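Those sequence lines, one after another, are chains R and A.
FYI, the numbering for the first sequence is 1 to 427, going by my numbering.
FYI, the numbering for the second sequence is 1 to 427, going by my numbering.
Mixed in with the good hints, there may be bad ones.
[Unchecked claim] Computed cross-link-like contacts, SDA-like style, restricted to lysine to any residue with a CA-CA straight-line distance of at most 25 Å:
1. R:K76 - A:E401
2. R:K24 - A:G130
3. R:K41 - A:L336
4. R:K402 - A:E401
5. A:K147 - R:E105
6. A:K97 - A:E401
Just so you know, these hints were derived from the structure itself, not from any lab.
None of the values given here were measured: they were computed from a predicted structure.
Protein chains: 2
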Amino acid sequence: MKRLTGTNDEIAKILSQEQLELSKENLDAEATVREIIERVKEEGDEALRAYSKKFDQVELFDLQVSDQAINEAFDKIDRDVLSALQNAKANIESYHKQQLETGFEDQPSQGVIRGQLIRPIERVGVYVPGGTAAYPSSVLMNVLPAKIAGVKEIIMITPPQKDFNPAILVAAKMAGVDKIYQVGGSQGIAALAYGTQTIPKVDKITGPGNIFVATAKKLVYGLVGIDMIAGPSEIGVIADETAHPAYVAADLLSQAEHDVRARAILVTDSEELADAVEAEIERQLQTLPRQTIARPSIENNGRIIIAQDADSMFELMNLVAPEHLEIAMDKAYDYLDKVQNAGSVFLGHYTSEPIGDYYAGANHVLPTTATSRFSSALGVHDFIKRIQYTQYDQYAVNQAEKDITTLAYAEGLQAHARAIEVRHDKH
Amino acid sequence: MKRLTGTNDEIAKILSQEQLELSKENLDAEATVREIIERVKEEGDEALRAYSKKFDQVELFDLQVSDQAINEAFDKIDRDVLSALQNAKANIESYHKQQLETGFEDQPSQGVIRGQLIRPIERVGVYVPGGTAAYPSSVLMNVLPAKIAGVKEIIMITPPQKDFNPAILVAAKMAGVDKIYQVGGSQGIAALAYGTQTIPKVDKITGPGNIFVATAKKLVYGLVGIDMIAGPSEIGVIADETAHPAYVAADLLSQAEHDVRARAILVTDSEELADAVEAEIERQLQTLPRQTIARPSIENNGRIIIAQDADSMFELMNLVAPEHLEIAMDKAYDYLDKVQNAGSVFLGHYTSEPIGDYYAGANHVLPTTATSRFSSALGVHDFIKRIQYTQYDQYAVNQAEKDITTLAYAEGLQAHARAIEVRHDKH
């Protein structure tokens, strides 16, 4: 792991430079993806079949995954996995129900009513990657908040496969997906955005995917809503001398095993701890099955930042604005006040980040690449709309007439002024 | 105005086709804007001065607008405008304060604490267009929600001008802007996204602008947050036989005068009303100062949709998903239940849309081009982040160990499992 030392300002400058590099656009896939989207828009299902043959080597008969296949998945799934998914579901639900919002209404003056309605988005599409990146936990994390928000129809798409991972189909059914279609890549995103003969057009698309999926989401954004464009996964750990090097190392590696581009960042005020964590990482890597991924990830993107004291640790970590933040300190909870930027925070020596990935209930779809400075974990709020409303009676509009028309004339918008004046009781 | 008649399905198909046309990307400006952003990123203030000379014909000495200029604006501003802005500000504040969110925390089982913090975004940049499109009301609408959210620093940028509109500077100061810089266009957006020697880098950018500003916002999105990319403004009016043709016509025109691309859509179950509104529009257009804008807007983009009954009117209008929605019916409030998609709703015969543009308190920065299907008016929620947190003690993590490791192994992520196992009290 690369060590960064110096004043906070010097370290801040390095972090800022590294973030710029990470947020550089990847334009390579764009031309190809534009062409695929255009064809799906023109040809619908026919284009989906052609692309499935080309990219997935599958001749598709039924685009929709049958109820029979879903029922069979319940027979095939490992009982322990089923039970773990059920428990995770209950935790995710009880956490996310606390995010439900209600509207408001007030009557600030005579003849005036103002308010805000909360409405679920009507139809949502969830993308679920295929193959080894098929994570049933991600199905729960994407679908359950939409369901709790009250979304009427949830459509899932996933690349066609001879044998679907039963846990994916079970998680989908359990979470309340209404229909599953087997189509992946940018053609799948295009189908959700424009609709085809078989697949209904949705209002918003969520879920992770490769560069083609991400590029397609970016291109259809505006016509439909999207969740976010996720970058490589990150963990930031703030640890002082009370931290256990073996725990910290294990958590850094749990992030590093995701992807060679994943980033693991330790901020500590203890050089001793930094040394011990590095030794532990090496020891644990020796026997790690995914060490071919975790080792280059740690070596290239691992960072140890040596800070002067607790305040500096938090100040620097707020600049990192990590997706996952662990606070490995004895009184971790008391330091929550100092957290300004992070997707999800894990407090104390025992709250390993995978607890959150799978189980505790908070969402694992999180803002990466320092975007937690301005955005948040996926939640119920991503599946609702806030609709404003206002009612003025004739008395109220006449009372407000002078102010409103003054502003309208000052902005040179006479028709705005007239729309108020025409309501005046003299007229 | 073009009339659409037929079954709901037939009208729905036409509306969907028109929406596709509207949401087509405009790629023309992209290459130019990319180049401008790159130069600002490299050269900072020097690039800003060069572009201001080139695009605004202004030799800039001070990028920052001085306190003296702001104080002078308070002397110059028309007293009635000042008073109207103060009243509007009070209404906007009292409405938006109702949007403030609080976090939550629960203890779902022994040794487990979960919660969600609400944190303001730290630094926000607001773009304010120059010249005739300089609207003091927009300054209030963009800045006040950020201020109420608790944003620490609000930076405003606006194109350089010999004489600033005093109402713009007054509105900025009144709303709580911390610093104003005179730089416009995509170079201004680039300065906010990357920072320069003078202008600090922000976390999120809001505010309307021309195609160069919109394209720049789209390109820097990800490095910073943005509010939305607004399309042409729209009004939808649902009116039955109780509506006043003169009021409806005036409101449709108040939208049409904004822009030749603005859209005014009337949905009614009364052909008589439709005829009367059309006659009124013609009558009112005769004397309207901005008729050279309003007339082509109404003629090209005006639509009258004849629906069968109240349910059909709402069903079709929910497909339009208008930015502004007026319900010109006697018991308008009772129909709120039927509204699924709209940015802001104006209830009853007297609630003319300009009441909302300027005054009542709900925000006027709204989702256009049917994006109210999945997004909402600008509000306090756009200036906060929700940070999740979780704490498990050793007992709790050991209790959850089997479920978590089962899922981790099922997903092939062994380091995730090990991070849990290493915390087991046997170790």
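Verification of the supplied hints:
1. Restraint check for K76 of chain R and E401 of chain A: the C-alpha separation of about 23 Å stays at or below 25 Å, so the hint holds.
2. For the hint linking K24 of chain R to G130 of chain A, the alpha-carbon distance of about 30 Å lies beyond 25 Å, and the restraint is violated.
3. As the CA atoms of K41 of chain R and L336 of chain A are separated by approximately 34 Å, the hinted pair breaks the 25 Å bound.
4. Proximity of K402 of chain R to E401 of chain A is assessed by CA-CA distance (about 67 Å); at most 25 Å being required, the pair is judged violated.
5. The straight-line distance between the Cα atoms of K147 of chain A and E105 of chain R is roughly 21 Å, inside the 25 Å bound, and the hint therefore holds.
6. Taking the CA atoms of K97 of chain A and E401 of chain A, the gap is near 43 Å; set against the 25 Å cutoff, the hint is violated.
In summary, the structure is inconsistent with hints 2, 3, 4 and 6 from the numbered list given earlier, while agreeing with the others.
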